[in-house]
Amino acid sequence: MAGLRLFQRTPQWILPVQNPPIDEADRTRYRADPSVLTALRDELNSGFVQSFANAVVDADSPQLKQLQQAARANLEDNVADPVLREKLRPDYRAGCKRLIISPNFYDAIQRPNARLVTEPIARVEPEGVRTVDGELHRLDVLVLATGFGWTAFCGRSRWSAATGCASTTCGRSVRSPTCRCRYRTFPIYSCSTVPTGRSVTSR
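So for the sequence shown, the numbering used here puts the first residue at 252; every next one is plus one.
Mixed in with the good hints there might be a few duds.
As the list claims (entries may be wrong) - Simulated crosslink set (DSBU-like; lysine-lysine; CA at most 35 Å straight-line):
(1) Lys338 to Lys348
(2) Lys348 to Lys316
(3) Lys338 to Lys316
Worth flagging that the hints you see were computed from the coordinates, not collected in a lab.
Keep in mind the model is a prediction, meaning the values are calculated, not measured.
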């Protein structure tokens with residue numbers, strides 16, 4: 252790729268990915284008794300869910316302070332250019348908008364062939380994107396990654412229920428108790444792509 256330009260509407264707080272390597276001793280232990288790995292996974296998941304829930308609903312919680320500190324440190328420690336760092340710094344506290352968890356976003360945006368564009372887009376032209384400052388950003392490909400149409404993928408497949416109702420016409424999906432998305436007329440179909448899911452990245 253010769254170059255990449257990221258048109259940013261608003262910056263978001265980004266948390267680092269805590270994914271240390273698993274040594275051979277632990278691998279052997281997990282193979283011998285998979286329940287140990289299951290218990291560890293459940294412990295980590297429940298701890299994350301509880302901490303995150305406390306952080307986003309209580310502005311004075313210690314969990315929120317830890318979250319904010321981690322996000323701020325991630326930005327400060329990994330973006331060298333002070334001008335770029337400030338462009339990437341949100342003006343709201345962590346948790347007010349969807350948090351991004353990424354191991355390499357800051358590295359990617361600092362590559363020599365990458366550029367962060369913060370000027371609002373005025374219009375899309377045949378040659379590229381023109382921002383309000385008058386600059387034309389010439390592009391070969393424009394990727395629209397707004398994340399607003401999070402149910403759009405459902406329209407790519409079509410199936411019918413015994414009632415004759417088709418997947419593309421059966422009405423809105425509903426949230427299930429397991430925090431997944433399901434269709435009223437398709438009780439055995441569910442997916443984890445919901446507004447609160449990790450795979451949805453509204454900006």
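Evaluation of the provided hints:
Taken as a hint, the Lys338 and Lys348 pair is honoured in the structure, with Cα atoms around 17 Å apart against an allowance of 35 Å. Between Lys348 and Lys316, the direct Cα distance comes to roughly 16 Å. Compliance with the 35 Å bound is thereby established for this hinted pair. Restraint check for Lys338 and Lys316: satisfied, since their Cα atoms lie roughly 22 Å apart, inside the 35 Å limit.
Violated hints are absent here; each numbered hint is respected by the structure.
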